[in-house]
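For the sequence shown, the positions run 0 to 124 when numbering that gives the first Met the number 0 is used.
Warning: the hint list may mix true and false statements.
Claimed, not checked - Taking lysine to aspartate or glutamate pairs in the DMTMM-like style, the calculated list, with each CA pair at most 20 Å apart, reads:
#1 K105 - E60
#2 K108 - E60
#3 K105 - D59
#4 K105 - D19
#5 K108 - D59
#6 K105 - D120
#7 K108 - D120
#8 K108 - D19
#9 K105 - D117
Bear in mind the hints are in silico, worked out from the structure with no lab data behind them.
Please read these numbers as outputs of a predicted model, since none were measured by experiment.
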Amino acid sequence: MSSTVDNVVAESDTGARRPDTTLALIVYALLLGVFVTGLTPLIGVVIAYVYRGNGPRWLDEHYRYHIRTFWIGLLYAMISWVLAFVLVGFVLMALQAIWLIVRCVKGFKALQERRAPDNVDSWLW
């Protein structure tokens with residue numbers, strides 16, 4: 000048994016090993032957990048940092064997408080909170096919630112299709 004976690008555990012019908020996408024799925028759920036508690040995205044980004052580079056390229060792109068989503072979302076949140084004093088920040092908070100949901104759903108869909116997410120470097124979707 001290897002000393003590191005092997006991210007390739009599931010076997011397909013042909014006997015070829017397929018990457019396990021469970022942790023990437025959990026990170027998407029943790030990012031969306033921000034609507035319940037503010038700490039889950041932090042846990043998710045730590046998982047993404049730990050597991051990036053341990054799987055095939057398309058799965059590593061998901062971890063990179065998670066990391067970018069966390070940091071960009073944090074920046075958007077800070078801007079929204081500052082602008083909340085002039086009331087426009089509340090609109091931006093709603094837009095940020097929509098942004099996060101769309102980004103996670105698109106990433107989840109790509110994960111189910113076993114491909115890298117589209118526009119990983121994008122600041123929008």
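Could you check the structure against the hints above and give me the numbers of any it violates, in ascending order? none
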